[in-house]
Amino acid sequence: MNATEPISAIKGGEFLIRETTADSIFIPEQWDEEQLMIADTCTNFLAQHVTPNLARIDEQEEGLMPHLMEEAGALGLLGISIPEQYGGFGKDFKTSMLVTEKLGAGHSFSVAFSAHSGIGTLPILYYGNDAQKEKYIPKLASGEWKGAYCLTEPGSGSDANSGKSRARLSEDGKYYLLTGQKMWITNAGFADVFTVFAKIDNDENLSAFIVEKDFEGLTLNAEEHKMGIKGSSTRQVFFNDCMVPVENLLSERQNGFKIAVNILNLGRIKLGGGTVGSSKEVITLAVRYANEREQFGRPISKYGAIRYKLAEQAIRTFASESAIYRASENMEQATEHLIETGLDPIKAKLKGTEQYAIEAAIIKVHASETLDYVVDEGVQIYGGMGYSAEAPMDRAYRDSRINRIFEGTNEINRMLTVDMMLKRALKGELDLMGPAQKVAGELMSIPDFGAAEEAGLFTKEKKYVANFKKAVLMVAGAAVQKLMQQLGKEQEVLMSLADMLIELYVSESIQLRVEKLVGMRGEEACAVQLDMMRVYINDAAEKIAHAGKEALNAFAEGDERKMMMMGLKRFTKTDDFNTTQARRNVAAKLIAENKYCF
Amino acid sequence: MPDTSTKIILKDNDTAINNLGTTFVINPYDEWYALVRALELKEAGIATDIHLITVGRADVEPVIRKALALGGDEAVRIDADSNDPFETAGYIADYAKFVGYDLVLSGKEAIDYNNGTTGVMIAELLDMDFIGFATDIQIETNTATVKREIEGGEETDSCTLPLVIACQKGVAEARIPNMRGIMAARTRPLKVITPAAVMPLTAVLSYEMPPAKAGVKLVSPDNMDELVELLHSEAKVI
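Listed in order, the protein sequences are those of chains S and Z. Going by the numbering used here, the first residue of the first sequence is number 1, and it counts up by one from there. Going by the numbering used here, the first residue of the second sequence is number 1, and it counts up by one from there.
Keep in mind the hints are simulated off the structure, nothing from the lab. The structure displayed is predicted, hence computed values, not measured ones. Just so it is clear, CB atoms sit at the ideal spot from N, CA and C, and this is done for glycine as well. Among the clues, some could well be false.
Label-pair distances were calculated between CB atoms; the ranges are [stated by the list, open to error]: (1) Z:Gly45 with S:Glu292: 46 to 54 Å; (2) S:Arg18 with Z:Val99: 53 to 61 Å; (3) Z:Thr160 with S:Glu292: 47 to 55 Å; (4) Z:Ser158 with S:Glu390: 45 to 53 Å; (5) S:Arg18 with Z:Tyr207: 49 to 57 Å; (6) Z:Lys169 with S:His67: 21 to 29 Å; (7) Z:Thr160 with S:Glu593: 48 to 56 Å; (8) S:Thr409 with Z:Tyr207: 51 to 59 Å; (9) Z:Leu190 with S:Glu70: 29 to 37 Å; (10) Z:Leu10 with S:Glu134: 58 to 66 Å; (11) Z:Tyr113 with S:His67: 37 to 45 Å; (12) Z:Asp73 with S:Thr409: 51 to 59 Å; (13) S:Glu390 with Z:Leu201: 47 to 55 Å; (14) S:Arg56 with Z:Asp112: 33 to 41 Å.
Okay, the calculated bits of chain S under chain Z, using three or more residues with CB under 8 Å as the criterion [to be verified]: (15) 73–87; (16) 423–430.
Cut-off 30 Å, straight-line C-alpha distance, at most; resulting in silico cross-link-like pairs (BS3-like, lysine-lysine) [said to hold, decoys possible]: (17) S:Lys438 with S:Lys489; (18) S:Lys139 with Z:Lys7; (19) Z:Lys7 with S:Lys595.
From just these sequences and the hints, can you work out the full model?
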């Protein structure tokens with residue numbers, strides 16, 4: 001966004017109705033020298049301190065995880081985007097995303113790191129008053145203190161505002177007495193500071209409190225036994241008239257739910273970054289294994305069935321990554337613009353992030369499901385060894401699964417994607433009505449048979465993406481019209497609409513990234529990336545068609561359904577394309593480089 | 001030098017290496033041992049100023065700044081291309097003579113051409129004492145006590161400064177650049193020096209790729225005759 005032309009900046013969710021230009025997005029091939037050095041530091045940290053100790057970490061060896069957090073803190077990795085006045089390095093959002101991505105391959109350590117530097121630190125940084133920030137942030141940034149976040153309760157997970165934890169003022173007015181039970185609390189075993197959500201008296205909404213581990217009335221349950229991320233400390237935290245000084249109320253009374261939601265917006269896109277980092281590492285392991293393992297006298301990487309898997313792992317990861325850094329740049333520029341208009345930097349950051357909450361939810365779903373695909377095929381490529389606890393795929397497979405559950409389940413995030421889009425339309429922030437009506441009109445007209453258009457390198461893909469938008473607008477528009485208030489209850493339809501939006505956003509992101517990359521390096525140097533883009537968009541068309549059909553069949557009838565089905569076909573039509581050859585090209589590059597190399 | 005995972009591709013009729021797309025790294029003997037020990041000496045109040053000197057064109061600057069991210073007061077790039085240890089040593093010695101260092105630390109060898117001679121040549125050109133294959137360096141006032149690896153054992157030397165020491169494993173523990181160092185690297189001075197007139201003593205005629213690794217043959221421990229036969233007829237070592 002150019003500060004002098006704020007109108008030209010694309011708003012959150014606006015990707016559905018507006019075109020984005022390739023030169024306006026950020027792509028990971030643009031990292032500067034300093035950012036690459038920071039990335040190297042993260043990679044070296046994992047290689048030297050984390051990866052050799054994964055088994056010890058998973059056994060929860062006493063003191064090991066907090067020690068690793070302190071080591072990361074000594075390198076400055078816990079304070080990347082914290083302002084310098086609070087002991088951080090004041091780096092931009094993309095840089096902190098890069099750190100999250102690079103440390104994402106650290107299994108349970110990554111979870112501890114993300115929880116500490118995200119939900120463990122940011123509520124205080126963003127909502128704390130000066131005294132609270134001065135007291136807690138420098139210690140959290142250095143790793144001297146570790147942070148945790150207590151929102152979920154046994155009876156309230158996705159429905160966070162329904163928690164039973166309560167706080168009441170002590171008779172002398174000096175303390176809040178906090179009572180309740182919190183569950184699945186990451187880092188609980190070694191955290192020094194907890195951000196705890198509870199309702200004061202009979203308030204309608206949550207409030208947030210900063211609770212230190214030594215406050216009287218706080219106790220911890222034993223470690224949970226989990227499917228994966230076994231090295232991450234996960235416990236229940238009990239508060240029994242826990243004495244929290246009144247000055248430790250975070251922000252205002254009843255502001256807790258807003259804090260929780262806003263912090264989750266950031267957490268979601270960050271989770272995307274972490275899972276992409278993890279995917280890249282798993283792909284590298286899979287490629288190396290496929291190059292070494294021989295069957296029938298040849299390395300298994302010579303076989304098409306394996307090549308398909310390697311290519312598909314890389315294509316989905318590359319696509320997810322494209323979306324992550326595109327949205328990160330949007331968030332950062334929106335924040336900068338808000339600062340320029342005079343808003344306090346921290347408020348600007350929250351508002352800038354919130355504006356792209358739709359994109360954050362999309363990314364959370366896509367990146368976590370990509371990692372699940374990558375680890376699943378990773379196990380398959382390893383074959384019998386994939387199922388052995390001696391080989392790395394076992395841990396990767398188990399550790400991946402939580403990503404579809406925490407930071408809002410993927411189902412909640414899918415519903416949010418559609419819900420937020422429609423709410424913004426209702427508020428008049430997004431004009432979905434006009435474009436949707438235009439598409440409805442187009443259904444009646446004669447289809448465009450692709451008359452004389454100048455055939456550029458991206459002409460086809462740009463047209464496909466434009467058509468995907470029409471498909472989403474048509475199905476979503478009809479769903480709103482038909483189901484009205486009932487739409488919120490038709491969760492299956494919401495899931496389908498979300499799937500369409502996700503595939504649209506990611507397709508556009510990979511197209512824009514490759515277009516920008518070709519502009520930087522030339523077509524010849526980007527041949528494999530062009531193949532990745534073409535395969536991704538080709539397959540996205542089918543996914544969008546499938547999801548659209550599911551939705552239309554659920555609510556539309558008669559001639560109207562027929563007409564929309566035809567429209568859907570038209571908007572998701574792609575030319576014949578040899579995806580097999582394209583995937584072989586992608587796999588060949590991975591195999592030659594013996595690692596994830598994009 | 002090229003990252004160790006780089007796939008080497010030759011060009012110009014095998015007389016040169018194609019560096020397009022190659023990632024360059026600092027020679028690990030320089031980075032992990034010589035530089036880190038220098039930093040430790042400064043942290044202990046023994047060294048006062050650390051200069052990082054390299055010979056190379058502008059494209060090596062990101063690598064020097066990476067070294068500066070670990071520490072050091074300034075970097076010096078002598079603007080020349082050199083694959084010849086005498087030429088490299090000549091450039092460095094010329095600059096070192098001008099500054100007048102008390103201690104010059106180098107890696108025991110570079111991991112690209114593995115010459116292992118630059119350090120000792122610098123010492124010779126500067127008329128300074130030299131200790132190679134150092135595994136431990138202690139400095140007290142004007143005297144260095146250096147342990148070095150020798151065939152089958154270890155030797156401890158004592159030598160007064162000025163001195164050139166070529167370092168290897170043991171001298172220090174590898175460090176990872178921290179955020180403070182990375183951010184400071186940009187602001188630390190990087191001087192570019194025009195090289196002195198030094199003629200190389202060697203020239204590369206051609207490169208050859210190593211032969212592909214042959215497969216491994218497994219012989220059962222019960223079958224000593226087969227092993228002896230294979231060692232005699234195939235490996236031709238007995």
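Here's how the hints hold up against the structure:
With their beta carbons about 50 Å apart, Z:Gly45 and S:Glu292 fall inside the hinted range of 46 to 54 Å. Remark: the range hint 53 to 61 Å for S:Arg18 to Z:Val99 is upheld by a beta-carbon distance near 60 Å. Checked against the given bound of 47 to 55 Å, the beta carbons of Z:Thr160 and S:Glu292, roughly 53 Å apart, stay inside it. At roughly 50 Å, the beta carbons of Z:Ser158 and S:Glu390 sit within the given window of 45 to 53 Å.
The hint said 49 to 57 Å for the Cβ distance between S:Arg18 and Z:Tyr207, and at roughly 54 Å that hint holds. At roughly 25 Å, the beta carbons of Z:Lys169 and S:His67 sit within the given window of 21 to 29 Å. About 51 Å separates the C-beta atoms of Z:Thr160 and S:Glu593, a value consistent with the hinted range of 48 to 56 Å. With their beta carbons about 57 Å apart, S:Thr409 and Z:Tyr207 fall inside the hinted range of 51 to 59 Å.
Checked against the given bound of 29 to 37 Å, the beta carbons of Z:Leu190 and S:Glu70, roughly 32 Å apart, stay inside it. For the hinted restraint 58 to 66 Å between Z:Leu10 and S:Glu134, the CB-CB distance of approximately 60 Å keeps it satisfied. Separation of Z:Tyr113 from S:His67 is about 40 Å and conforms to the stated range, judged on CB atoms against 37 to 45 Å. Roughly 53 Å separates the CB atoms of Z:Asp73 and S:Thr409, a value that falls within the hinted 51 to 59 Å.
Checked against the hint of 47 to 55 Å, the pair S:Glu390 and Z:Leu201 passes, with Cβ atoms roughly 52 Å apart. Taking the beta carbon of each, S:Arg56 and Z:Asp112 are about 36 Å apart, inside 33 to 41 Å as hinted. For a cut-off of 8 Å, the count of residues in the segment 73–87 of chain S with a CB near a CB of chain Z stands at 6, and the three-residue condition holds. Counting residues of the segment 423–430 of chain S whose beta carbon lies closer than 8 Å to any beta carbon of chain Z gives 0, which falls below the threshold of three, so the coverage claim is violated.
The suggested pairing of S:Lys438 with S:Lys489 holds, with an alpha-carbon distance near 27 Å, which does not exceed 30 Å. For the suggested pair S:Lys139 and Z:Lys7, the alpha carbons sit about 44 Å apart, so the restraint of at most 30 Å is broken. Between Z:Lys7 and S:Lys595, the direct Cα distance comes to roughly 12 Å. Compliance with the 30 Å bound is thereby established for this hinted pair.
Hint check: violations occur at hints 16, 18; the rest are consistent with the structure.
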